[in-house]
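S.K.: Following the hints, put chain B with the ligands in place on chain R, whose structure we already have.
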Amino acid sequence: MEITIIHKQSDAIHFLVEGVDVAFANALRRTMLTRLPAMAIDEVIVIENTSVMYDEMLAHRLGLIPLITKLDDYNLPQECDCEGKGCSLCQCTLTLEKEAGDQETVVYSRDLSSQDPKVVPASGEIPIVKLAPHQRLIVEAYARLGTGAENAKFQPVATVAYKYVPVVSVDKTKCDRCGACVEACPKKILKLDGDKVSTQNTLDCSMCEACVQECESGAITIDSKKDSFLFKVESSGALPPDEIVERAADILKERVREALEFAGSL
Amino acid sequence: MIIPVRCFTCGKVVADKYEQFKREVRQGEDPAVVLDRLGLHRYCCRRMLLSHVDVIDSFMAFATSESPGAKQS
Ligand SMILES: [Zn+2]
Ligand SMILES: [Zn+2]
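Protein sequence lines correspond, in order, to chains R and B.
All the letters of the first sequence, read from the start, carry residue numbers 0 to 265 under numbering that gives the first Met the number 0.
All the letters of the second sequence, read from the start, carry residue numbers 0 to 72 under numbering that gives the first Met the number 0.
Hints in this document: simulated from the structure, not taken from any laboratory.
A hint or two may mislead.
[Said to hold, decoys possible] Computed from the model, here is a short list of chain R residues facing chain B with C-beta under 8 Å:
#1 145
#2 148
#3 149
[Claimed, not checked] Not close to chain B: a few residues of chain R, all C-beta gaps over 10 Å, as computed:
#4 55
#5 60
#6 67
#7 82
#8 121
#9 133
#10 161
#11 162
#12 169
#13 195
#14 197
#15 235
#16 250
[Unchecked claim] To spell it out: a stretch of chain B is covered by chain R in this simulated footprint if at least three of its residues, at any positions, have a beta carbon under 8 Å from a beta carbon of chain R; those stretches are:
#17 5-15
#18 46-60
Don't be surprised by glycine CBs; every beta carbon is placed ideally from N, CA and C.
So here's chain R without its partners, still in its complex pose:
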């Protein structure tokens, strides 16, 4: 198995995995989605809420805010010594207090103050609710680790997707250089290069085969490389994208080991 990083940003990573089958690629994808823990607000105590928004809706919005997660600092509640009751090793308290003066005020996620300075909203610019003059909001929230299998708010990723590696080939003997395929391609992969049609940025190809349909002489073939996958992992902000991939691979390895051990004990 070989991994090549194509492109890395603060919130997304793009990489190529070679020498694996679909089952593995999908297992990795699903581990990132449903098995990798992240912090999110799970319990909210509304002490005062005179805003126009219902308490339930407010709690729901708080739950969806991605919190920066330090996986080594917290336990999953079900694996914690407190047996899920909630202690400082598996829970983090956040409080929010805001009152509007004579003006309308927007409550943002940055107004949440956390007990742990490391566990803070990944983005401070998320509007939670709007307060009309003199309305008040006092809230206490408990964040914990959880997995996407339990609730999607715990997912550390927005999208994780993989696709086959496209192979675009133009048969020079059949091509009549009409240029119809160049027009048809929505990703601008084909271009007229002097007297021949050449390809560029083939990794962007979505394999729509619009060019194949346009080509009357049948010179273009779109194929996919076997055993190679292009991954795109987009983080919600809870964890850096490279850590998501690394941790997910560790979890997958551990689960496979457990399964093998069980199979061996039969």
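M.R.: For chain B with the ligands alone, kept in the frame of chain R given last:
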């Protein structure tokens, strides 16, 4: 009511981009260009901002600063 925190379909956080989107579109910029700049490339996330109406502003016209419980006592 108010801009949803995340995209319904893919789960990307969209709420933090709404104010900038609204401001720039009001200044006459093309919504498509603003969405591209904000990094919302999938149409699921783009429709979240494009189709949103902030109904909370209408609700706030009827706002009181007392909680329903406080009124009864
Ligand atoms: Zn605990
Ligand atoms: Zn989306």
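S.K.: If you test the structure against every hint from before, which numbers come out violated?
M.R.: 1, 2, 3, 5, 8, 9, 15
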